[in-house]
Amino acid sequence: MIVYADSSALVKLFLDERDSDIARSMWGSGVSLATSRVSHAELACALASAVHSSRDRRGEVDSDVVDGEFLRRSATFVEVDEDLARKAAVFGVRHGLSGLDAIHVASAMTFADFAPVFVSWDERQRRAAAAEGLAVYPEETTTAALR
74 MIVYADSSAL VKLFLDERDS DIARSMWGSG VSLATSRVSH AELACALASA
124 VHSSRDRRGE VDSDVVDGEF LRRSATFVEV DEDLARKAAV FGVRHGLSGL
174 DAIHVASAMT FADFAPVFVS WDERQRRAAA AEGLAVYPEE TTTAALR
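Per the working numbering: the sequence shown = residues 74 to 220.
These are computed hints drawn from the structure, not numbers from a lab.
The reader is advised that the hints may include incorrect statements.
[Stated by the list, open to error] Label pairs and their in silico Cβ distance ranges: (1) S122 to S147: 18 to 28 Å; (2) L88 to T149: 31 to 41 Å; (3) G206 to D154: 16 to 26 Å; (4) S136 to D89: 16 to 26 Å.
[Said to hold, decoys possible] Calculated lysine to aspartate or glutamate pairs in the DMTMM-like style (CA-CA distance at most 25 Å, straight line): (5) K160 to D195; (6) K160 to D186; (7) K160 to E90; (8) K160 to D137; (9) K160 to E115.
Since the structure is predicted, the reported quantities are computational estimates derived from the model, not experimental observations.
Just so it is clear, CB atoms sit at the ideal spot from N, CA and C, and this is done for glycine as well.
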């Protein structure tokens, strides 16, 4: 099984947030993980923001995250090229997504022939991925039940 994780899913591996335990158990389950190359910067910056705002008390971002080694060891990267950017623009306009959110949906769609599961804690992004035919996690009913 291929799991496409956006940055909201990846952040949960490092920060103690709602559903972090779910993200961590999924990560450790032996699935093939994929993400966009932009996740490297998004993850490092999100964790730095958490450190600066004192939501993460470690005091610094793990160097494996900053230099990208964590994701290189763990995931297959989808590169952002002209074709993917064009598809992201279409998805973004169609579903009212931000540029980065649209890049994640377009990146996940590159695995469409393999029926990936799109994992994100961004509801709008999950709805867009589902509308494009991808399986999504968590499902809206699952998310509502966890609250």
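We went through each hint and held it up to the structure:
In this structure the hint that S122 and S147 lie 18 to 28 Å apart at CB holds, the actual value being about 21 Å. The beta-carbon spacing between L88 and T149, approximately 23 Å, falls outside the hinted interval of 31 to 41 Å. Range check, G206 to D154: about 22 Å between beta-carbon atoms, so the 16 to 26 Å window is met. Between S136 and D89 the beta carbons are some 20 Å apart, a value that agrees with the proposed interval 16 to 26 Å.
Under the criterion of a C-alpha separation no larger than 25 Å, the hint pairing K160 with D195 is consistent with the structure, at around 19 Å. Simply put, K160 and D186 have alpha-carbon atoms about 16 Å apart, close enough for the 25 Å limit, and the pair holds. Pair hint K160 plus E90 does not hold up; C-alpha atoms about 32 Å apart against a cutoff of 25 Å. Between K160 and D137 the CA atoms are separated by roughly 31 Å; this puts the pair beyond 25 Å, and the hint is violated.
Distance hint between K160 and E115 is fulfilled; the C-alpha atoms sit about 20 Å from each other, no more than 25 Å.
When held up to the earlier numbered hints, the structure conflicts with 2, 7, 8 and fits the remainder.
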